[in-house]
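Going by the working numbering, the first residue of the sequence shown is number 54, and it counts up by one from there.
Keep in mind that the hints were calculated from the coordinates and are not lab data. Check before you lean on any hint, since a few could be wrong.
[Claimed, not checked] Result set (EDC-like, lysine to aspartate or glutamate): computed pairs, CA atoms no more than 16 Å apart in a straight line:
#, residue 1, residue 2
1, K154, E93
2, K161, D238
3, K255, D238
4, K270, E72
5, K86, D104
6, K55, E93
7, K86, E110
8, K274, E179
9, K161, D150
10, K99, E110
11, K161, D101
12, K245, D104
13, K154, D120
14, K55, E72
15, K154, D101
16, K255, D239
17, K168, D141
18, K161, E110
19, K154, E139
20, K273, E72
21, K252, D238
22, K168, E121
23, K243, D144
24, K86, D141
25, K154, D144
26, K161, E209
27, K86, D101
28, K243, D141
29, K147, E105
30, K161, E121
31, K274, E72
32, K277, D150
33, K109, D120
On a predicted model such as this, the values are computed, not experimentally measured, just so you know.
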Amino acid sequence: MKSVLITGAYGGMGKATAELLSKQGIMVFSLDKNVSPLNENIIPVKADITDEQSIKEAFLQVKNHTDELFAIIHFAGVYMLDSFMEIDENDYDKIFDINVKGAFLINKTFLPLLKNQSRIIITTSELAPLYPLAFTGIYAVTKSALERYAYSLRMELQLLSIKVSTLRAGAVNTGMLSVSTKALDDFCNKTKLYSFSAKRFKNIVERVEARHVSPQKIAKKTVKILNKRNPAFSYSINRNPLLIMLNILPKRLQFFIIKKILKKGT
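Let's have the full structure, built from the sequences with the hints guiding it.
Structure (structure tokens):
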């Protein structure tokens with residue numbers, strides 16, 4: 054029986070993927086900060102991906118069940134929306150620790166269980182290859198860093214016959230959307246530098262996120278990537294056409310458009 058490890062396994066995308074894989078007869082190690090029993094073939098693994106000792110303990114738990122993982126699938130992540138001039142230092146550190154360092158620690162710790170033709174799938178974001186918008190910068194920067202990390206990791210692990218791919222997911226109908234809504238509300242209420250712009254930006258984001266897909270669609274896409282003999286580096290799902298069009302434009306024009314939309318009196 055093949056075995057896979059999923060991080061963020063109790064969130065919408067992670068849970069849907071764990072359930073789909075378990076139904077296909079694959080043993081799933083569902084790793085998250087808070088866990089509970091799930092379906093047959095799913096083993097809960099409690100761990101904090103930002104804590105190296107916690108991850109080492111998770112590794113020992115998984116190793117008690119298997120000496121080989123066919124894949125590590127990364128869904129763990131946190132969304133944050135703020136301005137770079139107002140973000141709290143602790144929040145700045147937190148989002149980098151979870152979105153970037155966590156994947157690094159998991160992959161490094163669990164490498165001994167990855168064998169020839171094993172897979173690593175890292176969920177980044179549709180924002181990862183794009184230029185960040187105002188106020189989404191902190192999130193976009195971490196996802197861009199994660200994408201660059203994944204690219205470099207693929208360069209290295211191909212020498213060990215381990216395949217690395219990224220899944221650039223757009224808006225997904227999970228708890229993350231409610232987190233996004235709350236983050237927008239919190240930012241609008243607390244910002245002192247951008248009160249007018251934040252409200253305009255909120256209207257834009259709400260329209261963008263209205264076009265979302267289900268966690269089950271992400272799960273099916275993930276399984277397709279796993280089943281590919283030679284998976285590509287990146288796969289995208291639910292890309293927003295307006296964001297794509299904006300990023301095609303020259304940078305000077307992008308700045309002008311965002312300023313025109315968000316700045317008071319323009």
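We went through each hint and held it up to the structure:
| no. | hint | in the structure |
| --- | --- | --- |
| 1 | K154 to E93 | violated, 31 Å |
| 2 | K161 to D238 | violated, 37 Å |
| 3 | K255 to D238 | holds, 8 Å |
| 4 | K270 to E72 | holds, 13 Å |
| 5 | K86 to D104 | holds, 11 Å |
| 6 | K55 to E93 | holds, 14 Å |
| 7 | K86 to E110 | holds, 13 Å |
| 8 | K274 to E179 | holds, 15 Å |
| 9 | K161 to D150 | holds, 15 Å |
| 10 | K99 to E110 | holds, 9 Å |
| 11 | K161 to D101 | holds, 15 Å |
| 12 | K245 to D104 | violated, 34 Å |
| 13 | K154 to D120 | violated, 24 Å |
| 14 | K55 to E72 | holds, 15 Å |
| 15 | K154 to D101 | holds, 11 Å |
| 16 | K255 to D239 | holds, 11 Å |
| 17 | K168 to D141 | violated, 41 Å |
| 18 | K161 to E110 | holds, 14 Å |
| 19 | K154 to E139 | violated, 23 Å |
| 20 | K273 to E72 | holds, 11 Å |
| 21 | K252 to D238 | holds, 9 Å |
| 22 | K168 to E121 | holds, 7 Å |
| 23 | K243 to D144 | holds, 15 Å |
| 24 | K86 to D141 | violated, 23 Å |
| 25 | K154 to D144 | holds, 14 Å |
| 26 | K161 to E209 | holds, 12 Å |
| 27 | K86 to D101 | holds, 5 Å |
| 28 | K243 to D141 | holds, 12 Å |
| 29 | K147 to E105 | holds, 15 Å |
| 30 | K161 to E121 | holds, 15 Å |
| 31 | K274 to E72 | holds, 14 Å |
| 32 | K277 to D150 | violated, 29 Å |
| 33 | K109 to D120 | holds, 15 Å |
Checked against the numbered hints given earlier, the structure breaks hints 1, 2, 12, 13, 17, 19, 24, 32 and satisfies all the rest.
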